[in-house]
Amino acid sequence: MVARIYRPAKTAMQSGKAKTHRWVLDYEPEAAKSVEPLMGYTSSSDMKQQIRLYFESQEDAVAYAKRHGIPYRVEKAQERKVRGSAYADNFKFNRVAPWTH
7 MVARIYRPAK
17 TAMQSGKAKT
27 HRWVLDYEPE
37 AAKSVEPLMG
47 YTSSSDMKQQ
57 IRLYFESQED
67 AVAYAKRHGI
77 PYRVEKAQER
87 KVRGSAYADN
97 FKFNRVAPWT
107 H
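7 is the number of the first residue of the sequence shown in the working numbering; add one for each residue after it.
Derived by calculation from the structure, the hints in this document are not laboratory data. Don't take every hint at face value.
[To be verified] Here are the computed distance ranges between Cβ atoms for each label pair: (1) ALA92 to GLN64: 34 to 40 Å; (2) PRO77 to LYS39: 55 to 61 Å; (3) SER50 to VAL88: 36 to 42 Å.
[Unchecked claim] Once the Cα atoms are required to be at most 25 Å apart in a straight line, the calculated PhoX-like pairs of lysine-lysine come out as: (4) LYS82 to LYS54; (5) LYS23 to LYS39; (6) LYS25 to LYS54; (7) LYS82 to LYS25; (8) LYS87 to LYS25; (9) LYS98 to LYS16.
For clarity, every value in this text was computed on a predicted model and none was experimentally measured. Each residue gets a CB set at the ideal place from its N, CA and C atoms; glycine is no exception.
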């Protein structure tokens, strides 16, 4: 089973960058999830999907995977692109999209 090492992106519900500085090691699923017919619960027989380890750096996560003989794949973190804008830009004369209200 291959482990994925990545740095999580910020969620859409947060404006800050909390919980995005640590690196995560988790396993890719081996078996597909199934729906239990009586209650409708989603379940899986793959117990390694429940494991998620956090590390302070990418090197620590890679060292852990090598030390324990875990095959791994590193996904590079993508930095977010911040476009500078001001509230006054909403009222410029040369706006790309005109005001409609």
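Comparing the hints with the structure gives:
{"no.": "1", "hint": "ALA92 to GLN64: 34 to 40 Å", "result": "36 Å, holds"}
{"no.": "2", "hint": "PRO77 to LYS39: 55 to 61 Å", "result": "22 Å, violated"}
{"no.": "3", "hint": "SER50 to VAL88: 36 to 42 Å", "result": "38 Å, holds"}
{"no.": "4", "hint": "LYS82 to LYS54", "result": "23 Å, holds"}
{"no.": "5", "hint": "LYS23 to LYS39", "result": "31 Å, violated"}
{"no.": "6", "hint": "LYS25 to LYS54", "result": "22 Å, holds"}
{"no.": "7", "hint": "LYS82 to LYS25", "result": "17 Å, holds"}
{"no.": "8", "hint": "LYS87 to LYS25", "result": "18 Å, holds"}
{"no.": "9", "hint": "LYS98 to LYS16", "result": "31 Å, violated"}
In summary, the structure is inconsistent with hints 2, 5 and 9 from the numbered list given earlier, while agreeing with the others.
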